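Construct all of the structure, not just a fragment, from the sequences and the given hints.
Protein chains: 4
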Amino acid sequence: MEIAEKFRPSHADFTYEAKYGIRNWQGGGRASARETIGRVAAGAVAKKILSVLYAEFEIVAYVTQIHEVVAKINRSTVKGKEIEKNIVRCPDTVAAKKMVSLIEEIRNKGDSVGGVIECVVRGIPPGLGEPVFDKLDADLAKAMLSIPATKGFEIGSGFAATRMRGSQHNDPFEIRGRRIRAATNNSGGAQGGISNGEEIYFRVAFKPTATIAHEQKTVTSSRKQTQLAARGRHDPCVLPRAVPIVEAMAALVLCDHALRQRAIMIADRGMSSAEQ
Amino acid sequence: MEIAEKFRPSHADFTYEAKYGIRNWQGGGRASARETIGRVAAGAVAKKILSVLYAEFEIVAYVTQIHEVVAKINRSTVKGKEIEKNIVRCPDTVAAKKMVSLIEEIRNKGDSVGGVIECVVRGIPPGLGEPVFDKLDADLAKAMLSIPATKGFEIGSGFAATRMRGSQHNDPFEIRGRRIRAATNNSGGAQGGISNGEEIYFRVAFKPTATIAHEQKTVTSSRKQTQLAARGRHDPCVLPRAVPIVEAMAALVLCDHALRQRAIMIADRGMSSAEQ
Amino acid sequence: MEIAEKFRPSHADFTYEAKYGIRNWQGGGRASARETIGRVAAGAVAKKILSVLYAEFEIVAYVTQIHEVVAKINRSTVKGKEIEKNIVRCPDTVAAKKMVSLIEEIRNKGDSVGGVIECVVRGIPPGLGEPVFDKLDADLAKAMLSIPATKGFEIGSGFAATRMRGSQHNDPFEIRGRRIRAATNNSGGAQGGISNGEEIYFRVAFKPTATIAHEQKTVTSSRKQTQLAARGRHDPCVLPRAVPIVEAMAALVLCDHALRQRAIMIADRGMSSAEQ
Amino acid sequence: MEIAEKFRPSHADFTYEAKYGIRNWQGGGRASARETIGRVAAGAVAKKILSVLYAEFEIVAYVTQIHEVVAKINRSTVKGKEIEKNIVRCPDTVAAKKMVSLIEEIRNKGDSVGGVIECVVRGIPPGLGEPVFDKLDADLAKAMLSIPATKGFEIGSGFAATRMRGSQHNDPFEIRGRRIRAATNNSGGAQGGISNGEEIYFRVAFKPTATIAHEQKTVTSSRKQTQLAARGRHDPCVLPRAVPIVEAMAALVLCDHALRQRAIMIADRGMSSAEQ
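Protein sequences appear in the order of chains B, C, F and E. Take the first sequence: its position 93, counting from 1, is numbered 92 in numbering that gives the first Met the number 0, and each next residue is one higher. Take the second sequence: its position 3, counting from 1, is numbered 2 in numbering that gives the first Met the number 0, and each next residue is one higher. Take the third sequence: its position 163, counting from 1, is numbered 162 in numbering that gives the first Met the number 0, and each next residue is one higher. Take the fourth sequence: its position 90, counting from 1, is numbered 89 in numbering that gives the first Met the number 0, and each next residue is one higher.
In short, the hints are calculated from the structure, not lab data. A hint or two may mislead.
Repeated chains share a single entry, so a pair holds when one copy, or any two copies, can fit it.
[Claimed, not checked] Heads up, simulated SDA-like pairs for lysine to any residue below, C-alpha to C-alpha not over 25 Å straight-line:
id : residue 1 : residue 2
1  : LYS47     : ARG259
2  : LYS216    : GLU198
3  : LYS97     : SER166
4  : LYS5      : ALA229
5  : LYS47     : MET264
6  : LYS216    : ARG178
7  : LYS47     : GLU129
8  : LYS47     : ASP255
9  : LYS96     : SER166
10 : LYS96     : ARG164
11 : LYS84     : ASP234
12 : LYS223    : PRO124
13 : LYS216    : HIS233
14 : LYS71     : ARG162
15 : LYS108    : GLN167
16 : LYS96     : GLY109
17 : LYS47     : GLN260
18 : LYS216    : ALA148
19 : LYS47     : ILE263
20 : LYS223    : GLU198
21 : LYS96     : ARG106
22 : LYS223    : SER166
23 : LYS216    : ALA32
24 : LYS71     : ALA159
25 : LYS78     : GLY176
Since this is a predicted model, take the numbers as computed values, not measurements.
Below, the structure written as structure tokens:
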């Protein structure tokens, strides 16, 4: 078969061949996004644990941009059920329609598009995340960049922070509902790598699908220059299907830190009981 | 002292207090960027190991943007010694001058600015990175987001990929210098989480310094609303000093993967010797 | 079925029920020695890697005691092929015959017996093992006690050391074959948790098989006192079948340390090249 | 100085030199039992956590044998305060006197002796320990063999099990105090690698101290045959001082498993709440 011999551009074909001397070009190997089924299953367990530990826990991910179509979404009020109302998993119904048409058009051209998924987590108390290396945002970044086709991660203000001044970017503290709260949330729910009790939110950049019907330059395993055009049905945009994966990976990271924090609290209790 | 009682906005003061019941407001604790001295020391060792393993290994990080001043830099030819020619560690001398003036101006206003650091690594062979979770880009993302004041990470085309089509974004393969090479490098040197032999490059977003002389709203440990304005000398822009940290963390991640890959090659040799 | 309701004495039935609220009484669960098949498979890979790294590497395990029958074996000359000459995997043919008869007799009585397996590893250079926690002997001890039915581990002189004086027990150094060698080997090949280049040897105690035809007192899941006698064929002595498991686990531990040591040597090379 | 040049027999001198090309012959390095001070400090924290989690938690270690002097101790009733009544930390006062005289005599001869420390832990509920590799007994074995000068570990019946029949060795279950209990405790408190609610007890073999005043054969760093006799004060028997180390390491292993088990129970709770 053709793709048994030709390296698909921007796929894991060449790198797997280079690393292992073998690759699974049929599509079911470890470089296939099919492996993420296990992550979604594990994420379901993580969400249940988080619900038991934190009564107000809620996690919602959604498509916020596809190519140049950018949705308007109120991050603080959006609910999980709104996401499932359309096939692009975008809660802005006007933008969702444009996204559906765009994907259809791109599919007909044998091309593909990327976009941005945003995820917001509510009900996480202050205290999750470990100083220095296992910061909460660092672990979220690793989890997101481990998802196939991702190219970037930003938390809170993200890259936009680079064009703000400290006086605009800093989140003032205030007393609200008898608790210490941040008045704004450019931090995205973590300060110094530790959750601060505010919404945790971040965005993940996905590249356009690598497999396209367009004819592309490439080389064969025997190092001959050639052309390749994918045949059959191919998904021209992975984002709608990546939404549950982003949610699952975020839940796994948070659950991990919740259990680590719980162990710290137990130890703490040991300490204070000793003083009595 | 004032900051012993008041939570500094967008600092780790509040989250450390929430997690540990104590915080180091004097500035030398684990949330201080002073801890990165150990990373830079370890990074020097990692760079030496990488130089022994890969003859053409080279790593260069530099400031590419401060607030709205964006530098023009040829990523593929820039050298380490150009970085050290000015105090903002930006190899574009025209932009560097503007950055220096901007920082001076911001300092006088008692405010602060953020920006972007780019890092490029040359001479890494194909094969580094582990499938599924420990992808090379995932580990780089975690390493970068563990650096204080970072808000985002992008590799290769990064967030710009979200506005490209597959036919523009894919990196065609070609034969160059008798090796299989990518003709363009939107992938940023890793495909399927494994290095492909091209330059590895990525960008890291830094927020404006949290400590500013501007008066800000905040609360005290005893939950009273108050105001805070930092006194004394404070760095209005951390980027120039973060350049060696980015380099060190990248070297540590790559060295780690180089040693893991080396172990795989040894095992591999064991396998084939068995067939003889 | 009977054993679905009754806890088998000295089995993992009760503890699994207590931990998980469920147990696999049919015999194929994680507490069954059947899981060790994966260890033996992995051990075969580890042995190959060790053979590539160390030209003189050799590992031999054998039964040295069953109940009160103790074999006489020259630990330093015994070879792998001698082990496979009889069904009890004991290279002392006289003792092996007695062991076979003893096991036959015990089987007829519906009872079971335990014993000792010894393992000797040759050709490991000085330097494997990590200070403080991951000492070579500590990792071997953990590996052996993770094998089902084991009750003890001793390395070198082992428990016999407790009745020796320092002047008898210490291994004097001498120059032999132009290398620094230990004249005796009470240490069992590791000093300060690091291999010293001598033979590594240790012994593992196995208890008598828990499943016996004898009638035994026990209780049911519903907490009623009852009796239990195993039916069908049961192995009255696990030792002959445990020999390859001991070998495999030892190979896995040594291979792990060999790869860790190799990484250290690479780093080392980096250091010295820097001085040139 | 003499020991800067001569390898002390059965010490870590030679192996550290072989591994690192350097050794700390002054006595304060990582191979010195002085490092165990950190273990004892951490063990104190672990004991407090265990006391908070398990109301009846109690841990006692003591010397049960020195050279050929074997103490008679009722393992199930011995208390911590009895241990501290004499300088050898042996609760059998008759045997303790003999041990003191023996150590005195051995010291005068410039020699040294080893022995056995036993440790018993009460109040650990059923359920601690993880199947397959992280069995409770496996982790205890590793912890004990990581203590300097240890040569063996046995849990419950230990090496004596190798000379028993299944019908003698199995621990029948019975109902006692309304709970399922083992009538005997040859298992030593763990079955299938998981605690069964009975006393956990094990023994650790210590070799005679390596540093002795006796003249011994050895070689120098420059590979010349020589003699060595330690000067100054040296402890002819490490056992009394090793008692708190054994206790600390056991507490650390148990605390680790207690926290892992607690995390499992939380997850479990998540599961059942989902059914409602």
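- request: Pop the pair LYS223 and SER166 into one bin, within, between, both or neither, using alpha-carbon distances up to 25 Å.
  value: between (58 Å within a copy, 21 Å between copies)
- Query: Which holds for LYS97 with SER166 at a C-alpha limit of 25 Å: within a copy, between copies, both or neither?
  - Reply: Answer is between: at 21 Å across copies they meet the 25 Å cutoff, but 37 Å inside does not.
Should LYS96 paired with SER166 be assigned to within, between, both, or neither, using CA atoms and 25 Å as the limit?
-> This pair counts as between: shortest inter-copy Cα distance 24 Å, intra-copy 39 Å.
**Prompt:** From the Cα coordinates, with 25 Å as the cut-off, is the pair LYS216 and GLU198 best called within, between, both, or neither?
**Reply:** between (45 Å within a copy, 20 Å between copies)
With 25 Å as the alpha-carbon cut-off, assign the pair LYS5 and ALA229 to within, between, both or neither.
Answer is within: at 11 Å inside a copy they meet the 25 Å cutoff, but 60 Å across does not.
Inset, instruction - Give the relationship of LYS71 and ALA159 under a CA distance limit of 25 Å: within one copy only, between copies only, both, or neither. - result: The answer is both: 17 Å in one copy and 19 Å across copies each meet 25 Å.
Inset, instruction - With 25 Å as the alpha-carbon cut-off, assign the pair LYS47 and ASP255 to within, between, both or neither. - result: both (13 Å within a copy, 24 Å between copies)
Homo-oligomer pair classification [GLN167, LYS108; C-alpha up to 25 Å]:
between (44 Å within a copy, 13 Å between copies)
Is the C-alpha distance from LYS96 to ARG164 at most 25 Å within one copy, between copies, in both cases, or in neither?
-> Answer is between: at 19 Å across copies they meet the 25 Å cutoff, but 37 Å inside does not.
When Cα atoms must be at most 25 Å apart, do LYS96 and ARG106 count as within-copy, between-copy, both, or neither?
Classified as within: same-chain Cα gap 15 Å, cross-chain 47 Å, threshold 25 Å.
Homo-oligomer pair classification [ILE263, LYS47; C-alpha up to 25 Å]: both (21 Å within a copy, 13 Å between copies)
Regarding LYS47 and GLN260, is the shortest C-alpha distance of 25 Å or less found within a copy, between copies, in both, or in neither?
Both. Shortest intra-copy (17 Å) and inter-copy (18 Å) distances satisfy the 25 Å Cα cut-off.
Taken one by one, the earlier hints all hold for this structure without exception.
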